[in-house]
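Q: So the protein sequences, as listed, match chains U and G. Read in the numbering used here, the first sequence has 135 at position 135, and its numbers run on one by one without any break. Read in the numbering used here, the second sequence has 618 at position 162, and its numbers run on one by one without any break.
Derived from the structure by calculation, the hints contain no laboratory data. From a predicted model like this one, the values you see are computed outputs, not experimental measurements. A couple of the hints might just be wrong.
[Said to hold, decoys possible] Taking beta-carbon pairs under 10 Å as the criterion, some of the chain G residues facing chain U (in silico): (1) G470; (2) H630; (3) L635.
[Unchecked claim] Keeping only pairs whose Cα atoms sit at most 20 Å apart, straight-line, the calculated EDC-like set for lysine to aspartate or glutamate is: (4) K619/G with D29/U; (5) K619/G with E22/U; (6) K619/G with D594/G.
Here a beta-carbon is modelled for each residue, glycine too, at the ideal position from N, C-alpha and C.
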Amino acid sequence: MAGGSPAAGGQGQPPDEGSRPERFARAWDEVADGASFADVVASLADDAELAALLRLAAAASLRLPAAIATPTRDRQRAALIALCQQEGDVAGAVSDVASRAVSPRAVSPRAVSPRTVPPRTVPHRTVPPRRADRERQGVALGRWRIGGWPSATLRVAALRLVAAVLAVTLGLGSAVVASANDVPGDALYPVKRAAESARVALTFDAGRRAAYHLELATLRISELRALINRGRNPSAGVVEALIDQLWAAEADATAAADGLLLRQARDARAAAAIDLRDLADGLPPGPASVLVAAAGGLSPHAPPPETPARPKSSEPSPNAAHAAAATASPSATAGAPGSDRARSADDHPAGVATGTAAALATAAAVVNTAPTVTPLGTPPGTPPGAPDPGDAPPAEHPSQPGAPATTAPQPASTSAPAEPPADAPTADNPIRDARATDLAKRPPKPTRTPKPNKGR
Amino acid sequence: MVEQARAGDGRAFGVLYERYVDRVYSFVLFRVRDEALAEDLTQDVFIQVMRGLDGYTWHGTFAPWVLRIARNAVIDHWRRVARRPERPISAVEVETGDDAEDNRIGRIVDEEGEVAILQAEAMLDRAAFQRASAQLTDLQRDVLALRFASGLSIRETAEAMDKSDGAIKNLQHHAVRALRRALGWDAS
Numbered sequence: 001m002a003g004g005s006p007a008a009g010g011q012g013q014p015p016d017e018g019s020r021p022e023r024f025a026r027a028w029d030e031v032a033d034g035a036s037f038a039d040v041v042a043s044l045a046d047d048a049e050l051a052a053l054l055r056l057a058a059a060a061s062l063r064l065p066a067a068i069a070t071p072t073r074d075r076q077r078a079a080l081i082a083l084c085q086q087e088g089d090v091a092g093a094v095s096d097v098a099s100r101a102v103s104p105r106a107v108s109p110r111a112v113s114p115r116t117v118p119p120r121t122v123p124h125r126t127v128p129p130r131r132a133d134r135e136r137q138g139v140a141l142g143r144w145r146i147g148g149w150p151s152a153t154l155r156v157a158a159l160r161l162v163a164a165v166l167a168v169t170l171g172l173g174s175a176v177v178a179s180a181n182d183v184p185g186d187a188l189y190p191v192k193r194a195a196e197s198a199r200v201a202l203t204f205d206a207g208r209r210a211a212y213h214l215e216l217a218t219l220r221i222s223e224l225r226a227l228i229n230r231g232r233n234p235s236a237g238v239v240e241a242l243i244d245q246l247w248a249a250e251a252d253a254t255a256a257a258d259g260l261l262l263r264q265a266r267d268a269r270a271a272a273a274i275d276l277r278d279l280a281d282g283l284p285p286g287p288a289s290v291l292v293a294a295a296g297g298l299s300p301h302a303p304p305p306e307t308p309a310r311p312k313s314s315e316p317s318p319n320a321a322h323a324a325a326a327t328a329s330p331s332a333t334a335g336a337p338g339s340d341r342a343r344s345a346d347d348h349p350a351g352v353a354t355g356t357a358a359a360l361a362t363a364a365a366v367v368n369t370a371p372t373v374t375p376l377g378t379p380p381g382t383p384p385g386a387p388d389p390g391d392a393p394p395a396e397h398p399s400q401p402g403a404p405a406t407t408a409p410q411p412a413s414t415s416a417p418a419e420p421p422a423d424a425p426t427a428d429n430p431i432r433d434a435r436a437t438d439l440a441k442r443p444p445k446p447t448r449t450p451k452p453n454k455g456r
Numbered sequence: 457m458v459e460q461a462r463a464g465d466g467r468a469f470g471v472l473y474e475r476y477v478d479r480v481y482s483f484v485l486f487r488v489r490d491e492a493l494a495e496d497l498t499q500d501v502f503i504q505v506m507r508g509l510d511g512y513t514w515h516g517t518f519a520p521w522v523l524r525i526a527r528n529a530v531i532d533h534w535r536r537v538a539r540r541p542e543r544p545i546s547a548v549e550v551e552t553g554d555d556a557e558d559n560r561i562g563r564i565v566d567e568e569g570e571v572a573i574l575q576a577e578a579m580l581d582r583a584a585f586q587r588a589s590a591q592l593t594d595l596q597r598d599v600l601a602l603r604f605a606s607g608l609s610i611r612e613t614a615e616a617m618d619k620s621d622g623a624i625k626n627l628q629h630h631a632v633r634a635l636r637r638a639l640g641w642d643a644s
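For reference, chain G alone in the conformation it holds in the complex (with noise of 0.2 Å):
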């Protein structure tokens, strides 16, 4: 499929965007949190990724090499932001959530099993979620984004973010640490 696509053929390309675009979707909207721009820029990837195309030589599986390609297009996203600032995201801003409401989930999810899992998923408000992801290092984002949304395997993340697998292992712990101590629910 990837050699047809590569040959021009816009349907085996519709086939391999199908395939992916929730993948890269669901990796960038988690970093940058905007789903306008998440949209632009997954369709940026999707262009690259066919004019890189050329480039791709297989080796059994595509969707690190995808991925890789999004992250790419999320930290020149950031650059171009940096360099033209026009919306800044200050942790400070970012730290200032309700403590106390992130306590309560805290002792919910402490509960056992499946359901409380659902709870959390629940009570895991969005806001809350996202105040604690942006204390998070770009790098754990990254790992937390490709293992939890869009579903790479350990060797794979490695791949899409040029690690070893040992490393990668490392900042997934790491980040879920972090994301876990900023969410407060470690305080329980």
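In isolation and in its complexed conformation, chain U is listed as follows (with noise of 0.2 Å):
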């Protein structure tokens, strides 16, 4: 462990010292319940050694207490109310669903059989909250869905949640577990959507979120050619997810300074780029032009010349993006990016939008842009991002590049190196280094949720 030698005089040692543990604990308990310090040094005369340990417990409990920083605060808290509302709303969707499947049976029964076992209950949970609980309420939940379900793929799918939340829990936290088959259109895409958010913003290690990021943009690819093998379109929400991820991984793999994160990232970009291309053969032309519009913004020398234009779309856009869905905290801070991509998807629908843009935008309306994409994270009925329009200013339109960038919040660590806030480039900014150019590329996207003339 933490080069703790057992050695060191523990508590295995037999208590010779008669009632000095006794003593100590007794004094400094007075001084702790506020009696005068030197009164309760005075009071150990009779033994030096215990004043001095006392002392040394005074210095101890003036050292020791820390606190956290306040940002850092601010950002746990904001992001564990999200976490503690989602999870609550994840519950009481699993019970709806719950509900509605079960009470099918519930009426079946008198209809078809006499003897019919009534449909268990969830059973009570009362034990300690550990692990081993969580794990026994996922088995008892499964069990409950074998008597009262009468569908196998929810009760697959309400055990997946399951293992998904336990991974988020345990930080094992593998994409894997949230299986590719759950796509757009099913009843626990969002939960897994939102679950995927509130761990992109729980993690603050930039070189970690990139890695997640990079995990992400595999399983969207999954996904879209899961929809294309069950027959469907493929769903704009998740090119965009993809896009957004890829792009997010390289922002943080830049920001935690990690060349080999770094080229992963791109590696991954022209990948996708390629599968994106592979699955759009085969398709009608209207899906298939999607794809392949998305693959063009991805590959490595085809960046929308126009998009640099967005000043803030670069670092702190996916971040933020990501935080803002993961929190749904309709801040001004996490407010800000979202609205600001939504007003450059339709501000300029057709004027700016280069091939991507474009494609997406339309996608976007002509796709299934399941309207379950929209929550990620968002508690329903909490209108995403929900702006107020003054927090908004539609300073940014593309003909403005230099517009101040407003409050570009920065979601990332402070475990991460702290990015230079000179990041949010002008477009005028001439030392823009290759990796501000780079992010530049990053096209302009409808927004995630289709919620346009929001504020004006």
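Given two chains presented individually in distinct reference frames, assemble the corresponding complex, making use of the accompanying hints.
A: If you want it as structure tokens, here you go:
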């Protein structure tokens, strides 16, 4: 472990100290309760060592307590509150699905068989909250569903949800758990996406976040493939998320100053472009064009030239968007980038948008942008990113690229090297490093939440 | 409030967070000695708290339960590190402290009264303190952190560590003594 040597006098020592531990504990409690330190020390006058220990304890108790940094505290609190509500919603959603699924069975027995067992109810949970407990819950839930649910699919989906929640809880967090079989339109797809964005928001290490984004990008490709295999159109929402995640991975890898990761991220982007073209093969022209256009936007040498005009599409945006999605906080910070994106999408649906953007914009309208994609961590009922018009000044129209980067929130961690704020590049900024350029290639996208005309 | 937080009331959970975050953070920071890591672990702890609320049964104080989760999080962390050793912290490395300086501190501390304590605190320099605490056992560090960083009572500490009150008193006494020895403060 931490290098502690068990030989350093642990509690295994025989209690030959008589009542010293007791006296010490009592003395310290008096101090802690506000007694005068000098008085307490004086009361130990007969035992110099105890007095010395008490002094040391006092010094330690002044030295040890630490306050978590305020920005971290605020961010954590916001993320946790969002997660809390989100999980409440997830629980609600599950029981909602459950009740709907159970009711037909509750009816049928009367007609069919006189001696049916009443459907089982959820076991009430009173056991301590250890991991094992959560696992047990999962099993119990599963058994109950076997009894109560007519649909094996629902049961499997629910088990997978439990697995996903567990994965997030335990920090295993592999997107592998959240299977590619959940695709837009499935009951639990939004839950899966919500869990993902929560995890993104809660990962403060830029490198780890980059890796997770890459994992998610792979998952998005699998989802597209699954959709196509089921004879459905590729969802523009998934394509958009894929692009988001690829760029976010690069941004985070850059932020983490991890060259290897950055290369991986770029490779992943190139690979995704190839995958998208492959997937487009054999699709009807409409859906195919969505994929091809997206692939075009991803290929290393085809950055849409106009897009750098989006001043804030660089660094902060992907993270912020994810964080915003995850925390679903309609606060100014979270709202800004989302609405920025929204604006850029509907401000110039035809003008700016090059291949990708245009295709995606149309796709958003044409293809089955399952509204299920929308929630993304948003508690149902909360308008996603609900922007007050105030925090989204129309200053960022591409015709004014140098518009003051509004709050451009930086949800990245304190643990990650802080990004130079100068990184929100103004278009006329001559010193734009490779990274800025690179990031600026990021094509504009239609909002994930097709929620136009916000506040304007 | 716990009830509200359990029901998915985010704001109630926010209040719980505010109330306990510094205790958790202090504890974790002392145990991992890395602020960024401590922040991440603190967050993990509260996620676990959130998810554990369902099974939490109220018995007076919440702190021991939260700190117990924190303690487990730290233990898990060190286990992970041990499995994939990338940050060796050897006792040897830790022992190369500056004894002369520590002795000087010890003498200052031998004066009576609060002033001496404040001086001691100022002189209890972080590095020396960390070196010294690295020589303690994990249990000793836990008890020091819970008592002096998180401000738990003997009873609460006992609860958080699954031990009897008497065991905690012993452990605490040994821990402070070991710390004193490691600091060289007993040499005056």
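Q: Determine for every hint whether it applies to the structure shown.
A: We went through each hint and held it up to the structure:
| no. | hint | result |
| --- | --- | --- |
| 1 | G470 | holds, 5 Å |
| 2 | H630 | holds, 5 Å |
| 3 | L635 | holds, 6 Å |
| 4 | K619/G with D29/U | holds, 18 Å |
| 5 | K619/G with E22/U | holds, 15 Å |
| 6 | K619/G with D594/G | holds, 14 Å |
When each numbered hint is compared with the structure, no violation occurs for any of them.
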